[in-house]
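Student: What follows is the residue order along each chain.
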Amino acid sequence: MIDVFSYVPAIVLLPFFSFLIALGAGKYLPKGGAFGGVAATAGSFLLSLWVLATVAGGGAVNRTIYTWASAGGIGPTDVELSFGILIDPLSALMLVIVTLVALLVHVFSLGYMNDEGETGLPRYYAGLGLFTASMLGFVVADNLLMAFMFFELVGLCSYLLIGFHFREPGPPSAAKKAFLVTRFGDYFFLIGVVAVIGTFGTAQFAGPESFPALADAALNGSGSVAWTPGGVELQTWLTVVGLLILGGVVGKSAQFPLHTWLPDAMEGPTPVSALIHAATMVAAGVYLVARMYGFYALTPTTLAVIAFIGGFTALFAATMGLVKDELKQVLAYSTISQYGYMMLALGAGGYVAAVFHLTTHAFFKALLFLGAGAVIIAMHHNEDMWDMGGLKSEMPVTYVTFLAGSLALAGIFPFAGFWSKDEILYEALVHAPGEPLLFGGYLMGLLAVPVTAFYTFRMVFLTFHGEPRSDTARDPEPVRWNVKGPLAVLGSLAVVTGLINMVPVQKVLGLEGIDLLHRWLDNEWGGIAGLSSHHYADIGPYSSQYIVGGEVATVLVGAAVSLGLALTGLLVAWQLYNVPSPTEHTAKLGGIKDVLYNNYYLDELQVWLAYRTEDVAGGADTFDQGIIDGVVNGVSSVSLIGGDRIRQVQNGVVSQYAALLTLGLVALIVLLGVTGGWFL
Amino acid sequence: MILEALIAVAFASALVVLLSPNEWAGRLAFALSLIPFAGSLYLWSGFDGSGNALTGGDIAYQTQIEWLEVGGRSVSWFVGLDGISLPLVVLTTFLVPLAILSAWTPIDSRQSQFYGLMLFMQANLLGVFTALDFFLWFVFWEAVLVPMYFLIGIWGGPRRKYAAIKFFVYTNAASLLMFIGFMSLTFALGDSVSSFALPEITGAIADGGLGSFAGLAPETLAMAAFLAMFLGFAVKVPIVPFHTWLPDAHVEAPTPVSVLLAGVLLKMGTYALLRYNFTMLPEQASALAIPIAAIAVISVIYGAMLALAQKDLKRIVAYSSVSSMGYVILGLVVFTEYGVGGATFQMVAHGLISGLMFMAVGVVYNATHTRMVGDMAGMADRMPVTVGILVAGAFGYMGLPLMAGFAGEFFIFVGSFAAPALPYAPLFTALAMFGIVIVAGYLLSAMQSTLFGPFELATDYEVGPAPFHDVAPLAVLLAAIIVLGVAPDIFFEMIRDAAVPVVEGVSVDG
Amino acid sequence: MTAVASSIPPEWYLLLAAAVFCVGLFGVLTRRDALYFLMSVELMMNAANINFVAFALYYGDLTGQVFALFVIALAAAEVAIGIGIILVLYRNFGVTDVTVPTEMRW
Amino acid sequence: MVEPLPQVTALLPVLLLAFTGLALLLVDTLSPDTRSNTSMAVVSALGALAALAATVWFVASGTGSGDTGGAILLFADAIKVDTMGLFFTAIFASVTSLVVVAAHDYFHDHPNPATFYSLTLFAATGMSLLAVANSLAVVFVALEMVSLPSYVLVAFLKQNRGSVEAGLKYFLVGALSSAIFLFGISLVYAATGSLMLGDVAGVLGDIAAGTDGLDSRSGIAGLGIVMILGGVAFKTASVPFHFWAPEAYEGAPAPVSAFLSSASKAAGFVIAFRVFTEAFPVGASLSADINWVLAFGILAAVTMTLGNFAAAVQEEVKRMLAYSSIGHAGYALIGVAALTGADGGAAANGAVMGAAMAHLLVYGFMNTGAFLFVAMAERWGVGRTFEDYAGLAKRAPVASTAMAVFMFSLAGLPPFAGFFSKYFLFMGAIDNGFLWLAAVGAVNSVISLYYYSRVVKALFIDDPASPTTLDTIDVRPTALYAAVVFAAVATVLLLPGFGPVIETAEAAASALF
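Each protein sequence line maps, in turn, to chains Y, B, U and G. Here the first sequence stands for residues 1 to 680, numbered as in our numbering. Here the second sequence stands for residues 1001 to 1510, numbered as in our numbering. Here the third sequence stands for residues 2001 to 2106, numbered as in our numbering. Here the fourth sequence stands for residues 3001 to 3513, numbered as in our numbering.
With the rest of the complex left out, here is chain Y (with noise of 0.2 Å):
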């Protein structure tokens, strides 16, 4: 029996490889490199899929590769720092997701990019490898240095794709933008990184020497921790550090107060967006909080702070999502708006309804960013709505499939996002009681959902309903097989995913064993102790309470109300949007529509934010010149000046000359006598 996990490197290093060649040969090649890229990310996925299978027959591990840096004291301890690979269920089903959405967004590509006769496609299709490698990267890491350091990667390679149209003046700064606001967060992850060096003097995920089982333990008494910085409380120090990790989760998932940058970055081309929406950079934000469950469920605090961030975020993004006008745009702030349910997820301890809606999410999205993309091929790259109308005769596939991502986004009964999204909001309900601000976060969830399925509908209507509004939309550009292949995978998937974790049909008629996600996660197949939804249950802070009667009760009540609100945003938007010319109802918002519009004047909050540091800069630098350099130079001119006055001395007269000598003689014997007393 070969052991497939000595292979997993190769998953990630493929992608590198066709990295390397896209940069190196690329313009050689035929299709720009794009062939090596399938390939690889092909050859990946296969590889994943094994090994999705090896954790399905009871494989795990946990090991660590090659050692980055040799063991040495850092004060309380000492550390090695290494880099190493953790495949358990959950890292496995991820590698799964990415490396699909990553070989069907390199296929889509072949239509998006090279049919459309763009320039530089070498440098795409190697952003594309160097992208999929590190997020893979990330996802297989074993602990969190190696896990900050590919997180980081996939920050390059944002920048790197969404600044793909780098001779126009939008893309650079959206990339700018992007990779600025994404280290901001990053910044306190670093500390988290450090810190939890610092703490535990490891950053295994998994094992028993692990940060979360050393957490657990010293917080449980039956173990302790290296340092902690004087005078602080355990409990309060591990919920810092918590936080501190956090602030890299919101920069890259683009929670509130850090979201700004991902509407900026459908400057990217589009399979780019999908790419980094779907499966990338913004999932690595969940999947890192998921990674590292055991640790968050350690502390409350972080946990109500996680939820209640989630469930603003999701309402907060939904609500902009209303007013958009270009079809990328609404989808940006959808996105937004999901990974909020996902934290709402993770925040209300339902870990399995986070990776649950991470992966129906994963699928959907990248569908709807896809369909989008053939909408602006069709539409020679117009994106706005109000432009098109009508188009679902004449691109049929991509409507369809289109049309099932929408419902699975809308969470309509029974396409994907429906099992999801219920099942996030059940967790948040059945642990809000006594929680405040997860309670809050539920509220807030529940409100998104009419939102959603209004903006989603929307949409759709505006798109593919009615009279064509535009030329272009009579006679729209054709899309290839390469467009067509990926939409129609992505949308059955959009459909059938949500069939993984049946959970409220389990509840309800009994059926045991169909909620295989929650098995999956709880290490049924296998996988590695300690990292199982069960522990993370046990560990974590919540009970479930029942509002209405039992839990049956409290799973239908829950399902139809997120149901019903759903259908009541459906219907709305179907009111005023599914006519043959539909108008702008946005003013009837009045006030609100600026703001909404203006994204609540947030961008304008951080340019401001940008403008003053620059004023602090500019002080600091008119100081340094000024003061400082100015110090610098006195002392300089000073001297010179003495030398001035001293050679005035030299004044050319001898007579005088032997006077001051004279003096000088007298002025020494003077000293001399008085200190030696001569005189006396």
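No lab work stands behind these hints: they were computed from the structure. Keep in mind that a hint or two might mislead.
[Claimed, not checked] Computed footprint of chain U on chain G, listed as stretches where at least three residues anywhere in the stretch have a Cβ under 8 Å from a Cβ of chain U:
1) 3177-3186
2) 3190-3199
3) 3242-3251
[Said to hold, decoys possible] Facing chain G, a subset of chain U residues (Cβ under 8 Å, in silico):
4) Val2028
5) Asn2051
6) Asp2061
7) Gly2064
8) Val2071
9) Ile2081
10) Val2088
11) Glu2103
12) Met2104
Note that beta-carbon positions come from the ideal geometry of N, C-alpha and C, so glycine has one too.
Use these hints to put chains B, U and G onto chain Y, whose structure you have.
Tutor: Relative to the frame of chain Y, chains B, U and G by itself:
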């Protein structure tokens, strides 16, 4: 005797190039500068030292020959390598050939003198990093000023004369202060030392050989000497507020000189701080831990803020060097293996990265004849490869993982966050870390406005891709940076080994 | 030695010499003519001679007296040189006033 | 070993110089038509070099040093040949040879250069005699032997107003100073009743111990000592007796300036070193309430400060060098200022005074070289200011490089000998606990770096005012070049070869304590 041969070859080639005709001085210099590089690789391969050279570790390639005797103490030719000096020697011999390559385009007058001086400087730099006798070290230390003065003064920019004299006088003043400090320290040891060999002096101090001197009690004297030496080296590093000579020198100096100035000369200061202040007088260092850490943090943040305010690409990189050196100081003062080792590693890493940045900016300058952010835009359109490497280097500067800069900074942060020797260590570390945000801020802004967007150039030069011999060194540097970032242990292990005795110099309870 | 000479306490010789020295010094500081300057210097040297001679007598060893002769000879030589310089001074500047030549200053 | 040789041969260097001078004078007077500038220069150079050779040989063979039976006393102990004397004689001889060689080109069109050579050699003779004097009488006589020719040399260009003015000022200040010096000697004689250095020291000891009646003598002796100190200050161009120096060095022919600022200054220091150690030992003087160490300390600080600060703001290179040589006098004074009376301080005292001696030797080369470069510039006819020197390196790379070497060496930068000599001097001061003196020296050497580098900047960095300015450089004065290059080479080689110098100097100085 290999070490001697290395330095001798460097001096000899300097002389040869100085006398060679201008036409092929550049090529000759490059060829000759490869010899020391090969030599240093050989030294690396055969390196068998362990421990710290000053605290009685096994010194590799050691030679000690009596030179002269003054004031009853002997001065000797005493050179050797340990885990701290070897990486810096390799760095020097590695950077010089590349710097010489990068000079082929911009240097178009008095080439033989230029390259001769470059090689002369290299010889002295090698001396600085290998000398283990105070006076021998001091000779090399001061001798570096002479070629630098000419290199800035003759081939520099418009205000080159001002910059050259400022650098010259300022750093020399610092050396004198340091000299007085160190001499008082030595003579306070009385007859317990019979030479100026640094290991002997370090040992004597460690054994409590310090007596009262010039009316100062031993503790007072040690503290005074520490401060004198610290201030002396602070100018060289440079640490805020003694940094103002640096931007002027960098802006005026021609590209290859900036490369060596940022890449190696600044490291002289931190290297000396490590050798003298932190290895010889650890108690004083840890007694002053808080103020030193404070100025380290100030250097990081203040330097970064200044860089944020600059419009001249070279000035930006210059100020960010000030910022990066702040990390090194922080790493030194925390007295942990990762802190001190990381600081030393950061010297090498920053040497490579800042070298790359200056070189890349220089290549752009060769094409555009301007370094002002406002004067150009969209350079990526005209010189893709150069810009690509420049961007990579910039990310390296921002501490992108798997590049050398991240390794150095991360080692320092890990080493300092929980350091017992420094009160409020987590606070200081967190503050210093914020530098990585600001550095991203100004580098990204500068790149966005100069490299990206639609191409435009204030001047009307025809801009095309840079010649091979301009781009090649950039690529080589980038490769080195990545290698060092992926496998820092190739240096870090030996560095840490040499750092352990330094760390043990301070006894921290708990 | 004669009774007179020995009966005078040595301090008096010192005072005399000092007085003469000061007179010379006063001349040097006040006179602007090179020749007066020269003479004043001679005076100062002779003040020294007084000491030598007197204390040679006081201590009863001849070194002082012999040295005084040397000094006189050297003074003569110095004057010779001085006159020569004053001569060329007169040729070039047309004066013997020492305060006139001030071309080089500061 | 030199044992078989009769004692008097120890004076060989002095005699060589003296006879060379006489020979030149003889030829010049007997057959004025056969003399030629070249032959004169060659003869005097040979004479000086012979003296140098003899000196070096003596030093090498340890003549007069402790390990070969100690100093050699001659002429009723009036002469004392020891290592220090020989060391300084070496300085005088080498400077003299450099100067006479350079003079050959400098005076190429002078009607009667012969007198120059003889006068120079007579002055040199006086200096070397000064170096071995063991009695205040001999000191004074030798001092005049140095001074009188020097006055004439400064005023050597009779038609040149500058030269004459310089000569006049030098003479007047010199005459006054030697009068003061002489009166000081007389007072010391009055207080101690002897002129022999050793005996004076003995009586001073008695006075300190108070073992004889007249304790007021310490006052008289003190007065005398301060006046003698004044004479020393004159020779070494130290404040407040420095006023002659800027004018004399600027107005005199450049070779003469070189000679005075290097050799004559060293002569002043040999007086200081010998008289103040052998006649007025530190310990005895201090216990007799005569704190001349403090006096020298003040002088050193003031002198180096005045010299360097004034030099920093000069427009003319030659005058800048003049002030810089005042500054260096200040440095060298540390050798007698940073002395300690504490018992057991002998070694440290020897160290610092030895460092001063070594500094003077190195200074002899680098400063002479610098002035000879100025001589070359005057020979070329380029102007005197920094601006006039702009871009010279383009036309005269070798000479300019040599000048750069001198400047950096004077500034105390490696890899030049000035580095060691200066830093060892500061080190000696610190060793004796005179941190403040070292600090003042440090500040000053920073200033000096500024103005020395101005010259280098002019030569190498600045561009000539107009392309034609450099056309005046149409000759290559061989002898001048030879002298300058030789001085430069010596300045460089003395860094690696500093060992023998400093060790000899220290040994010689330590022998005095």
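Student: Hint by hint, where does the structure go against what was stated? Just the numbers, ascending.
Tutor: none
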